[in-house]
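S.K.: Sequence:
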Amino acid sequence: MVLVGKVVEEFEVGGLKVVLRYPRFEDYPDLLSYANSLVREGAPILTNELISKKEELRWIAKRLIEIEEGKRIMLVVEINNRVVGCAEAEKGRGRKKHVCKISIGLERRFRNKGIGQKLLSTLLDEAKRRLRCKVAVLLVFEDNAIARHVYEKLGFRVVGRIEKGIKRGNEYIDELIMQKEL
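Everything in the sequence shown is counted per the numbering used here, starting at 359 for the first residue and increasing by one.
To be clear, the hints were calculated from the coordinates, so they are not data collected in a lab.
From a predicted model like this one, the values you see are computed outputs, not experimental measurements.
In silico BS3-like cross-links for lysine-lysine, where the CA-CA straight-line distance does not exceed 25 angstroms:
1. Lys492 x Lys454
2. Lys511 x Lys492
3. Lys459 x Lys476
4. Lys511 x Lys476
5. Lys454 x Lys429
6. Lys525 x Lys459
7. Lys522 x Lys459
8. Lys476 x Lys375
9. Lys486 x Lys511
10. Lys375 x Lys364
11. Lys459 x Lys429
12. Lys476 x Lys492
13. Lys511 x Lys459
14. Lys455 x Lys492
15. Lys476 x Lys538
16. Lys486 x Lys364
17. Lys455 x Lys420
18. Lys429 x Lys412
19. Lys486 x Lys454
20. Lys455 x Lys486
21. Lys486 x Lys429
22. Lys538 x Lys511
23. Lys429 x Lys492
24. Lys538 x Lys429
25. Lys538 x Lys459
26. Lys511 x Lys471
27. Lys375 x Lys471
Cβ-Cβ distance ranges computed for the label pairs, FRET-style:
28. Asn470 x Asn438: 17 to 27 angstroms
29. Lys522 x Glu368: 39 to 49 angstroms
30. Lys522 x Glu426: 34 to 44 angstroms
Backbone N, C-alpha and C define an ideal beta-carbon position, used for all residues, glycine too.
With the hints as constraints, model all of the structure from the sequences given.
M.R.: Shown next as structure tokens:
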């Protein structure tokens, strides 16, 4: 089934029309802008270096192939015809193919409006249905209280800790492992 560009959910938040859909190759400029906005902000994400156009093109091409192969779910958040966030569920392999690794991000100005929670909830539904995911796992910086609150509201719980798992500047931060049964 071709999922490229398929709309999964549409809703309104504060007068903004929000579309959750599968990505298209043509989204790469918006995805690049979005990812680099997170890097510039110093958001609690793994990468701390700006991403090149070449890297982003490779990244989106790989994602689109994995989506069509049934190895990954990826949803983008589109507001005003612009991609401003995304979330992914990557299916495990072998004895872990029932486990999906989750990641999510949203441009700063669209946070704290319920969009991220709706995005994650929709992603989990898609992962359960399309990837046959039974367990969702994610990693979160311990000091990212807002994200942790959203994850907990959706039923995730802390199941482990990677001490000093993240280095930010000269400081080490624990990374928490959270999971939810689907």
